[in-house]
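**Q** Chain by chain, the residues run as shown.
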Amino acid sequence: EDKVVQSPLSLVVHEGDTVTLNCSYEVTNFRSLLWYKQEKKAPTFLFMLTSSGIEKKSGRLSSILDKKELFSILNITATQTGDSAVYLCAVEESGTYKYIFGTGTRLKVLA
Amino acid sequence: DVKVTQSSRYLVKRTGEKVFLECVQDMDHENMFWYRQDPGLGLRLIYFSYDVKMKEKGDIPEGYSVSREKKERFSLILESASTNQTSMYLCASSLSDRLGWGYTFGSGTRLTVV
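Heads up: the protein sequence lines correspond to chains W and E, in order.
Residues 207 to 317 in our numbering are what the first sequence spells out, letter by letter.
Residues 2 to 115 in our numbering are what the second sequence spells out, letter by letter.
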């Protein structure tokens, strides 16, 4: 059965800390992996990863994919209270247009 | 700005009622999806549609049905609401392209069944 597992389930840090969120997957015919940030409402898109070893960056956030070991990490440096959210990882099975989601990591950043 | 609009942010319904959750997108996307999101369980796929009048069951279709009469609108129907259907419901849409560009989500409907 296809599955996506995120760890940790929750995390509390102080402003300025660096955090690493993990996503491992077992999906038949992998095509892409997405990271989303979800605050009060709709998840918002962060990154799409399709190739191993190529880092995607957006400001203080970065992500990388390892297709051999079947995982991805999302790094957030110099965290701010506005980074507090649930971070979702989702993996697409090729040809289906469907994404399988992990349970998410709830991040809380304290001032 | 492209949008996926869900008609209600919060709904409270009684057990046994028939409930309609509406989702409209203005991006001409072919694919539309309904998920429910529960603590500790993440997002689980209920139903999806790749085209008008077409529907496919997701992982947890029991107790639900869907309707897609027009490309932009995808409705989720709870035939007889039960308390275990209390949840956050998220609608999403996407394009059918070679890369698979991911979803655009609606803001969600938090449904409480009492």
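None of these hints come from the bench; they were simulated from the model.
Warning: the hint list may mix true and false statements.
[What the hints assert, rightly or not] For the chain E half of the interface with chain W, some residues (derived, Cβ under 8 Å), not all of them:
| hint | residue |
| --- | --- |
| 1 | Gly43 |
| 2 | Tyr51 |
| 3 | Val53 |
| 4 | Tyr104 |
[Claimed, not checked] 20 Å max Cα-Cα, derived EDC-like pairs, lysine to aspartate or glutamate:
| hint | chain 1 | residue 1 | chain 2 | residue 2 |
| --- | --- | --- | --- | --- |
| 5 | W | Lys314 | E | Asp39 |
| 6 | E | Lys58 | W | Glu245 |
| 7 | W | Lys262 | W | Asp272 |
| 8 | W | Lys273 | W | Glu245 |
| 9 | W | Lys247 | E | Glu80 |
| 10 | W | Lys314 | W | Glu207 |
| 11 | W | Lys274 | W | Glu261 |
| 12 | W | Lys273 | W | Glu207 |
| 13 | E | Lys56 | E | Asp39 |
| 14 | E | Lys71 | E | Asp27 |
| 15 | E | Lys71 | E | Asp60 |
| 16 | W | Lys314 | W | Glu232 |
| 17 | W | Lys243 | E | Asp39 |
| 18 | E | Lys56 | E | Glu70 |
| 19 | W | Lys273 | W | Glu299 |
| 20 | E | Lys19 | E | Asp52 |
| 21 | W | Lys273 | W | Asp289 |
| 22 | W | Lys247 | E | Glu23 |
| 23 | E | Lys56 | W | Glu299 |
| 24 | E | Lys58 | W | Glu207 |
| 25 | W | Lys246 | E | Asp39 |
| 26 | E | Lys4 | W | Glu245 |
| 27 | W | Lys209 | E | Asp52 |
| 28 | E | Lys56 | E | Glu23 |
| 29 | E | Lys58 | W | Asp208 |
| 30 | E | Lys4 | E | Asp27 |
| 31 | E | Lys72 | E | Asp29 |
| 32 | E | Lys58 | E | Glu80 |
| 33 | W | Lys209 | W | Glu275 |
| 34 | E | Lys71 | E | Glu57 |
| 35 | W | Lys274 | W | Asp223 |
| 36 | W | Lys209 | E | Asp60 |
| 37 | E | Lys72 | E | Asp39 |
| 38 | W | Lys209 | W | Glu261 |
| 39 | W | Lys273 | W | Asp208 |
| 40 | W | Lys209 | W | Asp223 |
Backbone N, C-alpha and C define an ideal beta-carbon position, used for all residues, glycine too.
**Q** Would you mind marking each hint as holding or not holding in the structure?
**A** Hint by hint, here is what the structure shows:
no. : hint                : in the structure
1   : Gly43               : 4 Å, holds
2   : Tyr51               : 7 Å, holds
3   : Val53               : 16 Å, violated
4   : Tyr104              : 7 Å, holds
5   : W:Lys314 x E:Asp39  : 19 Å, holds
6   : E:Lys58 x W:Glu245  : 28 Å, violated
7   : W:Lys262 x W:Asp272 : 13 Å, holds
8   : W:Lys273 x W:Glu245 : 28 Å, violated
9   : W:Lys247 x E:Glu80  : 25 Å, violated
10  : W:Lys314 x W:Glu207 : 31 Å, violated
11  : W:Lys274 x W:Glu261 : 15 Å, holds
12  : W:Lys273 x W:Glu207 : 18 Å, holds
13  : E:Lys56 x E:Asp39   : 23 Å, violated
14  : E:Lys71 x E:Asp27   : 12 Å, holds
15  : E:Lys71 x E:Asp60   : 24 Å, violated
16  : W:Lys314 x W:Glu232 : 28 Å, violated
17  : W:Lys243 x E:Asp39  : 16 Å, holds
18  : E:Lys56 x E:Glu70   : 11 Å, holds
19  : W:Lys273 x W:Glu299 : 13 Å, holds
20  : E:Lys19 x E:Asp52   : 25 Å, violated
21  : W:Lys273 x W:Asp289 : 27 Å, violated
22  : W:Lys247 x E:Glu23  : 16 Å, holds
23  : E:Lys56 x W:Glu299  : 18 Å, holds
24  : E:Lys58 x W:Glu207  : 16 Å, holds
25  : W:Lys246 x E:Asp39  : 14 Å, holds
26  : E:Lys4 x W:Glu245   : 17 Å, holds
27  : W:Lys209 x E:Asp52  : 26 Å, violated
28  : E:Lys56 x E:Glu23   : 15 Å, holds
29  : E:Lys58 x W:Asp208  : 16 Å, holds
30  : E:Lys4 x E:Asp27    : 6 Å, holds
31  : E:Lys72 x E:Asp29   : 7 Å, holds
32  : E:Lys58 x E:Glu80   : 15 Å, holds
33  : W:Lys209 x W:Glu275 : 14 Å, holds
34  : E:Lys71 x E:Glu57   : 16 Å, holds
35  : W:Lys274 x W:Asp223 : 29 Å, violated
36  : W:Lys209 x E:Asp60  : 12 Å, holds
37  : E:Lys72 x E:Asp39   : 28 Å, violated
38  : W:Lys209 x W:Glu261 : 23 Å, violated
39  : W:Lys273 x W:Asp208 : 15 Å, holds
40  : W:Lys209 x W:Asp223 : 30 Å, violated
When the structure is compared with the earlier hints, violations turn up for hints 3, 6, 8, 9, 10, 13, 15, 16, 20, 21, 27, 35, 37, 38, 40 and for no others.
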